[in-house]
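> Sequence:
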Amino acid sequence: MFPEQKRLLDKEGTLIKKIKNVLPIFFTLFIGFSLIFIQAPKAEAHSTLIETTPEKMEVTDSSPKFLELRFNEPIEQDLADITIYDWNAKPVISKQSVGGEKRSKVLHINLPNLKQGTYTVQWSVVSLDGHPVSGSYMFAVGKETKGGAESIKSKDGSSIPLLVAPRTIVEILLLIGGGLYWFHLLAKRKKFVEQDILPKKVKLISSFILLLGTILELLIYTLSLPDGLFQTIIHGRWDLLIHFPFIVMVAVQLLLIILLFIPEMVEAWYLVIWFLLVIIPAFGGHVWGMEHPYIAAVPRIIHQLSIALWVGALSYLVIYLIRNKLFSKEKLSTTFRSFFVKNVLTASIMVIISGIIMVILQTGWSTVITEWGNWSTILFVKIFLVVLMLLFALYQTLKWKKIGRFSTPRILRIEWLIALVIIFLGVWLSQSAYPIPSKTYNSVLTSGQEKVQVKIAKLQAGDQKMTLTFPASENHAPDRVQVSMEMPKHGMKSGPFIATLKKDGVYQVELPFTMSGTWDMTIQAEYTEMESKEWKDQVFVNLSRNE
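Using the working numbering, you'd call the opening residue of the sequence shown number 92 and step up by one each time.
A hint or two may mislead.
As the list claims (entries may be wrong) - Calculated lysine-lysine pairs in the PhoX-like style (CA-CA distance at most 25 Å, straight line):
#1 234 - 206
#2 206 - 156
#3 433 - 282
#4 282 - 294
#5 594 - 627
#6 584 - 196
#7 181 - 234
#8 234 - 156
Calculated directly from the structure, the hints in this document are not laboratory data.
Produce the entire structure from the sequences given, and follow the hints as far as they go.
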């Protein structure tokens, strides 16, 4: 081997070692933040237990013949688990895959003869959004005894903290990988560089971390699902997969990563694969719980692409400076500075604009302030860090322009690390309960010549009051007004609910919106001297404050 070749190989080995030495810092940083935010709640419309037989904390005179759990939404009977423990934490009865109807709001199981004492019911179901939900409560037969619920620990959400680390690492690698690939191609076309920016070994290590991280995401999420889920799906219930969008998302991500490993493909192949990999996280988090998910996904996609380009450009400059220090003393040209600043500025502007639109579509800025919580705190920390990055970038650009060379590598590395923290906070925002805006419904509905003004003070899950105002006319005053609600997509019906006359032409009725989503609302009015009238409309109901 020639001395010059040996020198270059030694320097490339030094570069690889430096990159490897940085990885433990990232892992420590992410684990530390996981511990800080470990209590952040999930924010999707989950199944909620609303009624039990026997009731919570009830002391029955004799052994109950059956146990019933009633939920706010239909749940998959095949995926429901119920276990009853006695006061010594010994399982008395365990029913997995309750059976019966495929989807029902009520779980019903017959009970054996229970002895006197306190019992704990532990249940686990799957929400319509695919998230596993579990809980427990106590009742007693004859006389209360010590033990019971104190001896049983619920496993609800136990896998969520474990999922944060691989999700964050995978998303960081996706954003850096995609952004670095795009920025490098742009730089090559501008003739700023001819060779690959990363050594093959580093690419290989990063690819395997990405692959293993994705597999780990899938495995950890699987641990939170009910026992027997995949057996149930394999035995013909393929329709259940639509209730688990995260599984579908990660499965597609895994397939794309495998396709990324195919060598010697045309450039367009890798461009498309990286594009899809970067935008995949946009379809997770809260997007499917919003009124118009596909519209809401657009700014999220732009947000992902813009972050990728921004952090990819920073990564490119960091690696370029390291390689330049090791292999040559070439200065970055003025044209490169202009090219770099233009791309970073465009990406940062798009990050800010898309972020503002995302908050407006998801909750609203006034709601973020008035309903302050964990989500608002994380959001404003993220905003502060973005502003800090922009200030660092401005300072470095002005100094770069003034002295004619890049002279702030340490600040650049700090800016790059801040970008990684921002990505981590973005992952937590997608998993944290966000503040719900208080929307109202106020509309005039028409049926033939008849009109009715309908008002609902809060379009939120829970019991909400509806006011119906009919035109003031003796000949058109309805004798009876009733309201029915339906969610055909989920097989749910409620009502009819009879409205109460409050004053001439004004009726009120309380409607139990048992879950968030789009409801078909039907108002019927019966008259003495004319045909009954019917008005229909759709309303979108948000999560309640405590969901």
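> None of the hints should be skipped; say for each whether it holds.
Each hint tested on the structure:
Under the criterion of a C-alpha separation no larger than 25 Å, the hint pairing residue 234 with residue 206 is consistent with the structure, at around 10 Å. As the CA atoms of residue 206 and residue 156 are separated by approximately 12 Å, the hinted pair is consistent with the 25 Å bound. Taking the CA atoms of residue 433 and residue 282, the gap is near 16 Å; set against the 25 Å cutoff, the hint holds. For the hint pairing residue 282 with residue 294, the CA-to-CA distance comes to about 22 Å; that is within 25 Å, so the pair holds.
Annotation: proposed proximity of residue 594 to residue 627 holds, straight-line Cα distance about 23 Å (limit 25 Å). Between the alpha carbons of residue 584 and residue 196 the distance comes to roughly 11 Å, so the proposed pair stays at or under 25 Å and holds. Distance check on the hinted pair: residue 181 and residue 234 sit about 18 Å apart at the alpha-carbon level, within 25 Å; holds. A threshold of 25 Å between alpha carbons decides the hint, and for residue 234 with residue 156 the separation of about 17 Å falls inside it, so the pair holds.
When each numbered hint is compared with the structure, no violation occurs for any of them.
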